[in-house]
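Asker: Hints in hand, dock the two standalone chains.
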Amino acid sequence: MDPRTTSIIAERAGVVARIKRNLITRLSLPYTEDDLHEDVSLLGSGLGLDSLDALEVVLGVEQEFGVKIEEGNIALLRSINTLVDYVLEKNAAATAAGGGAR
Amino acid sequence: MRASPAASWLVNAGAVMTERDGAPAVAHYGDVAAEVRAVRQAAGLMDAGHVLVFKGTVDDAIYPLDEVFAGNVANLRYGRVLHTLLADEAGLVVADAYIACNDDEILVLCEACAPRQEVARLLAGCPVVDVTDEVAVFCLDGPKSWGPLRDLVGRDILGMPYLSVENHDLDGTALNLLRAGKTAEFGYWIVAPAADAAKVHGRLMAAGAKYGIAPYGLDALDLLKLDGRFFNVNREGRVARDPLPLGLQWMMDFQKERWSGRDAILARRAAGVARKVVGFALAEGLQGVRVGDVLRLDGDPAGEVVACGWSQGLGRDMGLALLDRAVAWAGLDFTVDSATGPLAATSISLPPFVPASLEVKLDEV
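Residue numbers (the numbering used here), protein chains in the order written: chain C, 3 to 104; chain V, 42 to 406.
Next up, chain V with everything else stripped away, as it sits in the complex (with noise of 0.2 Å):
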């Protein structure tokens, strides 16, 4: 197992330790419905040592990295960041990823559901560089994300547009900023040297105090995704590795020519999806939903559980089902079948809820 950088100085923090595709990252901090809330109402502040980070020059990988993501990499500007998928040659979900273009470098950053190897087995032609153990990772965010950023290198981060990046400063140690995050809040993903890891962290819930920052770990931030309708490459695409069914289209680009796994994902989009991920929630006050479990319609089996988890912003457990495609609609009502007998269930639309920061005008702070 690889060491993260800032794992030693979060365990004397408070951290729990869990191990995501042997990385060490984050668990929770003792208390996860806290550090949800903190990220929904306020902001949180997690360090991604699961994260696989790769450096390239914009003039060497572009194409080449073009040629393996999903996304339309060659057309990404400079301070701009791409959203998109890594297959294997099945076609089957590897990584959810971010790629910056930061001036002359482009920067890899990948959530992966297989193994490290398996990752660079697929960018093997690519001029890049795995640098995941030279840097840290650490992600910020909430409705007032933007204040300890702000405090700390300058007004200038307010403008940052959704999905760019930029460098700053931080009393000397570089940063790879980039305006990105998986919550539905505000989010900022920054990028340092590994050395300099508790010295960033530390510096940001100092100046994130007065915000209400509290540091967050994987178990919330998979919640986070939940109930935000973000992928969860270790959650529902663990389980259902087809991105057709996930309804991740709009992070693949259908007009490209060239891109790992693209026949077989065309060959499968050409014969129509038969099964797509759809949202539900209990009724409330039931729990005790497993993924595996069957959803059944009008006595029918209609599917499986394929994420589930608490959400607070229906203040209810909910769940992600793929579902026979003839049923995988929202408002219809379900029964799942639990180790606890049967529960009542409802498919609703995602998210379903209005995220804090969506009322937040960074341009009037």
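Excised from the complex, chain C in its bound form (with noise of 0.2 Å):
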């Protein structure tokens, strides 16, 4: 496999687990990691947070990866992927302006 591949496979995939591990621990979510699809929708149908879930879901991302999550912004809870997305753009930000990603 391509070396860049290999990187972005990685950068992403520890941020999925990192992301996963809080879900299951935060909400007691009765699912090991493997069995949470990257793209399954945490809101309504999926996973079916409410807004007390959704809160904890934020707070658990801005807590593990030192973001901050502007409130109300539901629309990045769509899915893991896209909360994922968010984390990594937010790193990617950070390096370049000469800080460290957690």
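Since the hints were made in silico from the structure, they are not lab data.
Possibly wrong hints are sitting among the right ones.
[Said to hold, decoys possible] Below are the DSSO-like pairs computed for lysine-lysine, each with C-alpha atoms no more than 27 Å apart in a straight line:
1. V/K297 / C/K22
2. V/K402 / C/K70
3. C/K70 / C/K22
None of the values given here were measured: they were computed from a predicted structure.
Answerer: Here it is, written out as structure tokens:
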């Protein structure tokens, strides 16, 4: 596999694993990390999180990755993957600005 | 082929009919793109003549259904709807189902990728009656879908939580109203007596005119499910029948001791899933991907297309691919071996757009 592909996968897989562990622990989900598809919907159909759960997810991501999620930005919670995209974007921006990503 | 109660009336209204598992269903009304746009921006109404409907009483049917369906039916509370799946003994998907606990009645609404007889066989031990031919099912979807319903049956419908069910009356016609849908927008499934199908459809269309409602068919629904990331039992479900690679674990309760297909699915789960379904988008301007086309990563085969179509939200062709697990990640550049030559594609996060309904606050309308 191309080294660039390997690097993209490794970076994404790391963030995915941390978010999944966070979800399972904070929400006491009856699933393993493997059970959670990255595109599963967090709101509505899918995991069906309510507003309190959503707040818990936002707090978890903010603490885990040191990023800030704007209040009311529920669009980020469309799926695990959309949350991951947000964290990766923030990390890339922080790295570009000279800061370190967690 | 069984008759849809609304079929003849819909053909007169311009519907082009198709067949899905022996049931007549509306394919489209002549402009699929306009139908998708109506659902994404306003409201759309579909005759879901392909949906199989079973009824029973809660007292008699809830535990037998729990032993067949993958989700936890036994824990279903009054007034709520469970979105789950029905698998056969081999643990392969047969139907995507809503189970509604409606006072003392239980309603089962199945979109199946198998013949009606196969669904009936799997439900043979459950005291439910197949009422498919006695009812009409309509899907009302879109960020303004609440509008015509509020105007026809009252403001109470605005308070319905997602995956709930209520009984309503429309000028003497009893309706089972489910707050549900598979388009990523607000949605309602409406179950009415077959004899009143044309009346209910007509009233909803008339009331929806000021909200921009349009009738839509299965061709549009397939595209709405695709970029809304709703499982489509008749597209990817028909190609990849195993619910684990399809990412349907959330529809199953692995703690339950009995349900159809449980042992086979748990064995595959314990062995580890070797492939996963991932979304991909073609580079802008490209098209021509078909189900079965091979995706390559760095020149090596990585999987194949299981569903594809035009995404209005993305403004390009997209699809779902069943990929080897090691490369089943968003953000990778693939090529698709299409009939017209190699096409550039990127794996993407789903859903790839923000549905308009997420911006609507029903308590403020």
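Asker: Now, for every hint given, state plainly whether the structure supports it.
Answerer: Quick rundown of the hints versus the structure:
no.	hint	result
1	V/K297 / C/K22	23 Å, holds
2	V/K402 / C/K70	24 Å, holds
3	C/K70 / C/K22	18 Å, holds
When held up to the earlier numbered hints, the structure conflicts with none and fits them all.
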